[in-house]
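K.L.:
Please model the complete structure; the sequences and the hints are all you need to start from.
Chains as they are written, first to last, in our numbering: chain A, 1 to 98; chain B, 1 to 162.
To be clear, the hints were calculated from the coordinates, so they are not data collected in a lab.
A few of these clues could be false.
[Stated by the list, open to error] Ranges of calculated distance between the beta carbons of each label pair, as one might list FRET restraints: (1) A/Arg84 - B/Glu32: 37 to 47 angstroms; (2) A/Leu13 - B/Ala70: 17 to 27 angstroms; (3) B/Leu4 - A/Leu53: 20 to 30 angstroms; (4) B/Asn88 - A/Asp58: 34 to 44 angstroms.
[Said to hold, decoys possible] Take a look, some chain A residues computed to stay more than 12 angstroms from chain B by CB distance: (5) Asp58; (6) Arg94; (7) Gly97.
Predicted model only: the values in this text are computed from it and were never measured.
Note that the Cβ used here is the ideal one computed from N, Cα and C, for glycine as well.
Okay, here's what each chain looks like letter by letter:
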Amino acid sequence: MEWVYFGTCIAILVTMVLAVVRGVVGPTIFDRVLAVNMFGTKTVLFIAVISFLSGRPDFLDLALAYALINFIGVFAVLLFFQSRGVRRAAEAERDAGK
Amino acid sequence: MDILLDIASTVLLVTGGFFVFVGGFGVMRMPELYTRMHAASLTDTGGAALILVGLMLQGGFTLVPLKLAAIFLFLFLTSPTASYALANAALLSGVKPPCRNETGKTFPGEPPVADGPKQSKSSAEKRTANKTVAGKAARKPAGKATRKPAKKAARKPARKKS
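P.N.:
This is the structure we're talking about:
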């Protein structure tokens, strides 16, 4: 079974690297938020698999806490950028009207 | 029994790992934000579900499967919500998907895609008229379809002027 856990860990790690690359490259801010969200989900999965790989089920509590934090964090960042985008669009419209 | 559980969880874990990797690859390679979001959100939910269920089968009769079920439930509820909120925020702050409908036009109010057919001057009015005709003709039987949309298309510009 260890080899299966190990392979899953490798797949998740490669995906995390790809998400980080997208977060660094991402042209818009929402690409970065998407990458961060994906990274957080993959971290939860990674901690869960690692807890089985090392035989320490206490890690699952960490995974649960990380899932909660990730969700709240992504929502906070999104609210911030959404209001900023709406404000900028309104300003641009007002400037165009002048 | 044990070996059956092992086989089942192996299949689930390998499939979940594959899903997760495909999601990462899609986020890396897709051409623009909304297609990336599509790749990420689908595989986030599906891959996480597969991996967590595969681990749950290995937990035995302890607290471990319950904790995994809690993580699974939480991810299953929050991952689509986060994707929806992300798409909503992106659309509200002006990131438009470069989509093209069957007439070759882009999103309403957008310049045409470079290699698409040229837009004529009154394309917006034509487009709305076309849409109503197509929509009505699909729903109504053939006899009525010839009369009704004509009326609708004639009424539309009048309302626009006022």
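K.L.:
Hints first: check each against the structure and report whether it holds.
P.N.:
Consistency of the hints with the structure:
| no. | hint | result |
| --- | --- | --- |
| 1 | A/Arg84 - B/Glu32: 37 to 47 angstroms | violated, 21 angstroms |
| 2 | A/Leu13 - B/Ala70: 17 to 27 angstroms | holds, 24 angstroms |
| 3 | B/Leu4 - A/Leu53: 20 to 30 angstroms | holds, 22 angstroms |
| 4 | B/Asn88 - A/Asp58: 34 to 44 angstroms | holds, 37 angstroms |
| 5 | Asp58 | violated, 10 angstroms |
| 6 | Arg94 | holds, 15 angstroms |
| 7 | Gly97 | holds, 16 angstroms |
In summary, the structure is inconsistent with hints 1, 5 from the numbered list given earlier, while agreeing with the others.
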